[in-house]
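In the numbering used here, the protein residues as written are -2 to 187.
Hints should not be assumed to be uniformly reliable.
[Claimed, not checked] As a list, the in silico SDA-like pairs of lysine to any residue whose alpha-carbon atoms are at most 20 Å apart:
1. Lys56 - Thr7
2. Lys48 - Ser94
3. Lys141 - Leu10
4. Lys56 - Pro100
[To be verified] Label-pair distances were calculated between CB atoms; the ranges are:
5. Lys56 - Gln120: 46 to 52 Å
6. Gln145 - Glu117: 38 to 44 Å
7. Asp95 - Gly9: 29 to 35 Å
These are calculated hints, taken from the structure and not from any lab test. Just so it is clear, CB atoms sit at the ideal spot from N, CA and C, and this is done for glycine as well.
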Amino acid sequence: MHLAIDVAATNGLSHLVLSTGTRSEEFSKPLLALPEMAYIEAGIFSGPALKRCTMRNVKRATHVGMVGKFSKMAMGYFVTHVAGNRVDTEFLASLASDCGAAPAVQQEIKEASSARHFQEIAQENDLMNVFPVMCRMVCEESHKLLGQQSSDLIVDAMCFDFDGTLLASASTSSEGIPHLDQKDVSGSSG
-2 MHLAIDVAAT NGLSHLVLST GTRSEEFSKP LLALPEMAYI EAGIFSGPAL
48 KRCTMRNVKR ATHVGMVGKF SKMAMGYFVT HVAGNRVDTE FLASLASDCG
98 AAPAVQQEIK EASSARHFQE IAQENDLMNV FPVMCRMVCE ESHKLLGQQS
148 SDLIVDAMCF DFDGTLLASA STSSEGIPHL DQKDVSGSSG
């Protein structure tokens, strides 16, 4: 992953896409329309990838992923292997509560068997507003991770469902994510 970032930076790319996996990377390509070299599969190492971006003077990094990895990143965990950081359903229930979930729905989320199950519960209960909040938290936690270097890197987040639908996006830039038509993203923030 470091080598891929180094090669992209050496070739003058200032906007890189850090994906948590192949599927989310593929889902993002038609929306972002960047050169192939800009897409970096960071996998479970989103934090080290962000730090490498700042080291190589990349100006913008866009996280792309699904609810499971994003829920961990929203909590500040940037090495997201399942063995080290399980999906925290208490956190997800709290997030849903902040977004207006009824107590019964919060309890259902606490008992969810996976992040995908949480996503289904949120969708079934008209809690689509949890996804842009999660994306904003990913951006905020990314900047916290970078500390003093946070002003050197614009961070975006794009969360997809398992079928490739963009659930939400967020950015530390007031202008949003380049190439992404914000009007077509339900619940996105710029």
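We went through each hint and held it up to the structure:
no.	hint	verdict
1	Lys56 - Thr7	holds, 13 Å
2	Lys48 - Ser94	violated, 32 Å
3	Lys141 - Leu10	violated, 24 Å
4	Lys56 - Pro100	violated, 42 Å
5	Lys56 - Gln120: 46 to 52 Å	violated, 34 Å
6	Gln145 - Glu117: 38 to 44 Å	holds, 40 Å
7	Asp95 - Gly9: 29 to 35 Å	violated, 41 Å
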